[in-house]
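Protein chains: 2
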Amino acid sequence: MAETKPPPEWMAPTGRGWRALDQREVYQNPWIRVREYHAEAPTGARTVYGVVGFRNLAIGVLPILPDGRIVLVGQHRFPLGDYSWEIPEGGAPVGSDPLEGARRELREETGLEAAEWTEVLRFQLSNSVTDERGYGFIATGLSQEAASPDPTEALAMARIPFRDALEQALAGRVQDLITVAMLFRAYHMACEGQLPEPLAKAMLARNGETR
Amino acid sequence: MAETKPPPEWMAPTGRGWRALDQREVYQNPWIRVREYHAEAPTGARTVYGVVGFRNLAIGVLPILPDGRIVLVGQHRFPLGDYSWEIPEGGAPVGSDPLEGARRELREETGLEAAEWTEVLRFQLSNSVTDERGYGFIATGLSQEAASPDPTEALAMARIPFRDALEQALAGRVQDLITVAMLFRAYHMACEGQLPEPLAKAMLARNGETR
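Protein chains in written order, with our numbering: chain L, 962 to 1172; chain C, 962 to 1172.
Quick caveat, the hints were computed from the structure, so don't treat them as lab data.
Computed from a prediction, not measured in an experiment: that's the story for all the values here.
Yeah, the Cβ is synthetic: ideal placement off N, Cα and C, and Gly gets one too.
Hints may be right or wrong, so weigh each one.
What the hints assert, rightly or not - Reference listing, derived: stretches of chain L covered by chain C, where coverage requires no fewer than 3 residues with Cβ under 8 Å from a Cβ of chain C:
hint, segment
1, 993 to 999
2, 1004 to 1011
3, 1021 to 1031
4, 1053 to 1067
5, 1129 to 1135
Unchecked claim - Now the stretches of chain C that chain L is said to cover, found in silico as 3 or more residues with beta-carbon under 8 Å:
hint, segment
6, 999 to 1012
7, 1018 to 1031
8, 1034 to 1040
9, 1058 to 1065
10, 1075 to 1088
11, 1091 to 1101
12, 1107 to 1120
Claimed, not checked - One side only, chain C facing chain L, incomplete, derived with CB under 7 Å:
hint, residue
13, Tyr1044
14, Pro1054
15, Ser1104
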């Protein structure tokens, strides 16, 4: 991520931050830790604030094949009770190297190894309630090994033309926000010359055009 | 959102879904409800699963001015203890009309009213732990009225050239994932002829070019 220039003036924070008055832990498991605070807002108002702390970073990997197809995984998700097609994703302990986590998740979920890795997004997933942070990577130069999913994961895998995946996000059928953001970020990269030209051309080709 | 065509064959779910064996509520406040389950995974493995239920939908609104600038709001966020520049966002009760929530949040946070509204994204924010769903809207035809923020909100407001906002997302300084996804979705719309041509041209203009 290019953080070379200083931030522009309009981004300077104004006012004072939130102040925690007290806290108690109300729940924890191996993935999350929920705390309830009494807090004072920047306006001076006092409020109860429940914060969901995450033990893992969220890592998303968009694997792109030389012919412009991408790799998605399908799985049943418990919280929403639905079946979700997503880029390969997983957690890496907070404080660990996100790239190492990305390599591991890609390998575990798809059996793919990538020769080239590019970090293309850093994000906060739901920053009014959780402290979850994440990283998005593009993986290219792919080779297929054997997958080794987590014991609770039953994953399907599909190699889909990039535009077809984008179309499903636009239709509201791919809704996982890391996946959605990464698809549109990859579109942006393809259009702005941030990917090798033959790859960008293959990704942006429409059905019926030469890929 | 265009959901006209049936889903492609590759999207068909395989295997069986998760099964909840029991549940207990471990925490709740006006915004979230945390439940712990014993659950059986699609693989048959049994596990403990903590699910954070959200009482609100997440609504994000990208307001675009006729000259291609967009409107961002800046605020201190409690969970990560940082200052965050984002598109206007807020919650609308699950089951309520997302567009009504979008109009209200835009008005409360910025004092802006919009003549045209377009729903451009539907998403799940962190679907391995929470059931939070959200909607993204583009708002155009803007007129300025008086803002009326929530008593805990102290908001700054900035009108920023679209490319400058995109640059801060690329630099990792704008990290809110709804904002990040909406910026790249708007870029996609501008490039694909999904916005009026003069507006798209103004948004995509670089510094120094005529806007």
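Check your understanding: How about the segment 1058 to 1065 of chain C: do at least three of its residues have a C-beta closer than 8 Å to a C-beta of chain L?
Key -> violated (count 0)
Report task. Apply the coverage criterion to the segment 1091 to 1101 of chain C and chain L: a residue qualifies when its Cβ sits closer than 8 Å to a Cβ of the chain, and three qualifying residues are needed. Result -> n = 5 at 8 Å, threshold three: holds.
Does proline 1054/C hold up as a contact with chain L if the rule is Cβ-Cβ below 7 Å? 15 Å, violated
Next item in the hint list is tyrosine 1044/C. Is there a CB on chain L closer than 7 Å to its CB? This hint holds: tyrosine 1044/C lies near chain L, its Cβ roughly 4 Å from the closest one there, short of 7 Å.
- Given as covered by chain C, does the segment 1021 to 1031 of chain L meet the bar of three residues or more with CB within less than 8 Å? Violated: only 0 residues of the segment 1021 to 1031 of chain L have a Cβ under 8 Å from chain C.
Using C-beta distances, would you say chain L covers the segment 1075 to 1088 of chain C, given that this needs three or more residues below 8 Å? holds (count 7)
Discussion item. Is the coverage entry for the segment 1053 to 1067 of chain L by chain C consistent with the three-residue Cβ rule at 8 Å?
Written reply: Not satisfied, violated; 0 residues make the cut.
Self-check item: Within 8 Å of chain L (C-beta), three or more residues of the segment 1034 to 1040 of chain C
Solution: Since three or more residues must qualify, the claim that chain L covers the segment 1034 to 1040 of chain C holds, with 6 doing so at under 8 Å.
(Q) Tell me if the interface restraint on serine 1104/C is satisfied: Cβ within less than 7 Å of some Cβ in chain L. (A) 22 Å, violated
Coverage assertion for the segment 1018 to 1031 of chain C with respect to chain L, Cβ distance below 8 Å, three residues required: Per the Cβ count (1), the hint is violated.
* Would you check chain C against the segment 993 to 999 of chain L, counting CB to CB pairs closer than 8 Å, and say if three or more residues qualify? => holds (count 4)
_chain C covers the segment 1129 to 1135 of chain L, three or more CB atoms within 8 Å, holds or violated_ = Holds, because 6 residues of the segment 1129 to 1135 of chain L bring their Cβ atoms closer than 8 Å to Cβ atoms of chain C.
Violated hints for the displayed structure, listed by number in ascending order: 3, 4, 7, 9, 14 and 15.
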